[in-house]
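Protein chains in written order, with the numbering used here: chain P, 1396 to 1627; chain U, 1396 to 1627; chain F, 1396 to 1627; chain L, 1396 to 1627.
No lab work stands behind these hints: they were computed from the structure. Be aware that a few hints might be false.
It does not matter which identical chain is used: a pair holds within one copy or between any two.
Claimed, not checked - Keeping only pairs whose Cα atoms sit at most 20 Å apart, straight-line, the calculated DMTMM-like set for lysine to aspartate or glutamate is:
1) Lys1525 <-> Glu1603
2) Lys1459 <-> Glu1603
3) Lys1614 <-> Glu1399
4) Lys1459 <-> Glu1536
Listed here are the chains, written in short residue letters.
There are 4 protein chains.
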Amino acid sequence: MLEELKQEALAANLQLTRDGLIHLTFGNASALDRARGIFAIKPSGVPYGALKARDMVLVDLDGKQVEGRLNPSSDTPTHRRLYLGFQQIGGVVHTHSLHATAFAQAGRPIPALGTTHADTFFGEIPVTRKLTAKEIGNDYEWNTGGVIVERFRRLNPLEQPGVLVNRHAPFTWGRTVAMAVESALVVELCAQMAILSLRIAPRLGSIESGLLDRHFHRKHGPGSTYGQKPGS
Amino acid sequence: MLEELKQEALAANLQLTRDGLIHLTFGNASALDRARGIFAIKPSGVPYGALKARDMVLVDLDGKQVEGRLNPSSDTPTHRRLYLGFQQIGGVVHTHSLHATAFAQAGRPIPALGTTHADTFFGEIPVTRKLTAKEIGNDYEWNTGGVIVERFRRLNPLEQPGVLVNRHAPFTWGRTVAMAVESALVVELCAQMAILSLRIAPRLGSIESGLLDRHFHRKHGPGSTYGQKPGS
Amino acid sequence: MLEELKQEALAANLQLTRDGLIHLTFGNASALDRARGIFAIKPSGVPYGALKARDMVLVDLDGKQVEGRLNPSSDTPTHRRLYLGFQQIGGVVHTHSLHATAFAQAGRPIPALGTTHADTFFGEIPVTRKLTAKEIGNDYEWNTGGVIVERFRRLNPLEQPGVLVNRHAPFTWGRTVAMAVESALVVELCAQMAILSLRIAPRLGSIESGLLDRHFHRKHGPGSTYGQKPGS
Amino acid sequence: MLEELKQEALAANLQLTRDGLIHLTFGNASALDRARGIFAIKPSGVPYGALKARDMVLVDLDGKQVEGRLNPSSDTPTHRRLYLGFQQIGGVVHTHSLHATAFAQAGRPIPALGTTHADTFFGEIPVTRKLTAKEIGNDYEWNTGGVIVERFRRLNPLEQPGVLVNRHAPFTWGRTVAMAVESALVVELCAQMAILSLRIAPRLGSIESGLLDRHFHRKHGPGSTYGQKPGS
């Protein structure tokens, strides 16, 4: 069932390895069918080279595995928590991409320093608080989703489609999993450029709000002018 | 019409992705037929993998789209402004290549530190001033071209075939779009080497003017000795 | 004889070059048949492109070459010493991967800064003491294994499956050579991320022990939940 | 004539681009037939993709072009000067590889920090003095070779098979051009690792002389034990 959803999840997982964002099995992507409340996710610990659409595991939003002979990714509860917390999203991606993970390990947000960043993120890429010992001890992956949702209490997940989990690594999302994959790449590129810019100018502040606004809304929202009109 | 021009623009766009200078759709290249006052430019937001010569959009120097069913790149007014401001150029390239963009975000020029730089740029790779709130609010892309032309009031665009737009990224140009592509790669390589050299020797000054002159004129101008004589 | 063992050693050597962990002939991998006390190792100085399973050299744990017309890797005594010192391992890998080797040259351990590290290493990646002039002068490669085993007197080689040899480069190991290859990649990635994290936050301390424990034991030991159950 | 020599020079030039040591046309390799006093060198400014063995230009040690319809590399006089100054070498390579060039631009030698370096270079990779205005003004490329030979007055070019030309980039050499290519890669890797090691430990000194000696002589000279015996 849900062949198209499984194909979409597979394509996202494979694109992440082609983009060099995932090494070994350090990452995963899922795609949600919001109407049915079911998402397709990568099986746990299976090498990417051998991955087939039929290996994708179907899980519902109550956490029940509804199809698939393999165990789903160990991060499945994090994905589920994000789908429950962010009603507008249809895809979630997790990577350990090098430069973004370096910021996550340091517990620092990725500052918005230029228009590359502003084209996708309306402000810095935030970092969560650390999990407590208790949150680590029980339902760790579910609680990982919890600190992300908590961090976004006053943020719009479609305006800042990604986060760094403290000491861990980035998660990104979007209306579709393909958009979450794209955001995962943007997070990595912006992390790398931020490190370089700060080496060149250590006291560099954030991009001016007028330019941030101009670039973000050139690509997003009703007044956007970027790309092709649907149906054209 | 202008099939050859569209082929040239397509080839430039594809070369930029092969060189790793463009990720996703973050960049564009155009080629100008100066006699007809028409340039061929990449359509907006179309993935590079699917790009065909017939997708290139033809725009005249008054900004009118003269052929093509797709929207041209959102940066088209910047290209147009450069073609109007710099009479000797026939190609424009825009990328968000990582190290050059890091300098642009920091608002710092790329210093001329060695002969690799001097072979293509007769001095530092300059950075524009920031755009004002008003320039960002109206005709943003046209004004982006404006601050570039303003920066080159006392510079020769063929001796310094590229610039960093403050908080944004590099633009390069040349007599042909193929030369603009080559300059885009040189800008990125020189940015990376400058960061590394300054880490090794933080107080390093610019290359001595005699050596700068020797290398630049070995490749450019009437006394050049590099390469093969035309027709040989 | 031992065709499968030679195939396994060959596959490991080739994977290391595909992963970019070995340049030229700077590295080697071996696979041990513990029951027979024989290991298959790369021949010395043979380019990777031309390597065949039949080129693998068979050496026993007394150091005697039992098959193969080529000389074994010059690091063979180091591998042998590790197989003798660490009874649970079945594969050894040596690379000069760039970021890990940078730590080795500096004589500094790779600190455990995040969960990517904790998934494979239960604590920092240690560094050996320097060899003495006498240890360098006689049986240098055997003594290289000796300082590694000495460094692990109070460490569990399966919980920290790798080490940096001071002024030299990393060695990794595992129950199988395939696992040693995977650890070699993790060492390199963690080294690169550690350098980046410390640039972002120079005073950054190690990952909290609760999170280190949680991630390590998610993948290792009787309570592990990662991956697929054997036979599933 | 000298088909084999031209093939050897071509293979070296192509290997350098495959290794990522040469971008665009920024580099060249030549192979010498010492008995005939003729070397084969890359033509000037020809893209690597189109290079054929018959394009290689034959030049004698007096600087006369003895075969080839294309102009030889503009760096030909530097190669010739090195062949005249270093009697034991049979190949010369010039690249602008990024990390080595960063050291050259900074006017700093690459320090010997570990065994990867010691396997090929018996000590630091030296840097030349700057050329004088007069040396730049006349016979610039010949004088570039001159400052290299001057720098090696008390050094053995086979024990330190490469140099950084100040403000410019590395040159390497060897008994064969294939060995010069290998040294060009080692120079780049050691430059990158040196930058990283010095970031980890800013006051790091050179490798201890006993270990330098052990590694260099493991691979070079009558007592070497690395690799396969000729004829084996």
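Which hints from the list above does the structure break, by number from lowest to highest?
The structure breaks hints 2 and 3; every other hint is satisfied.
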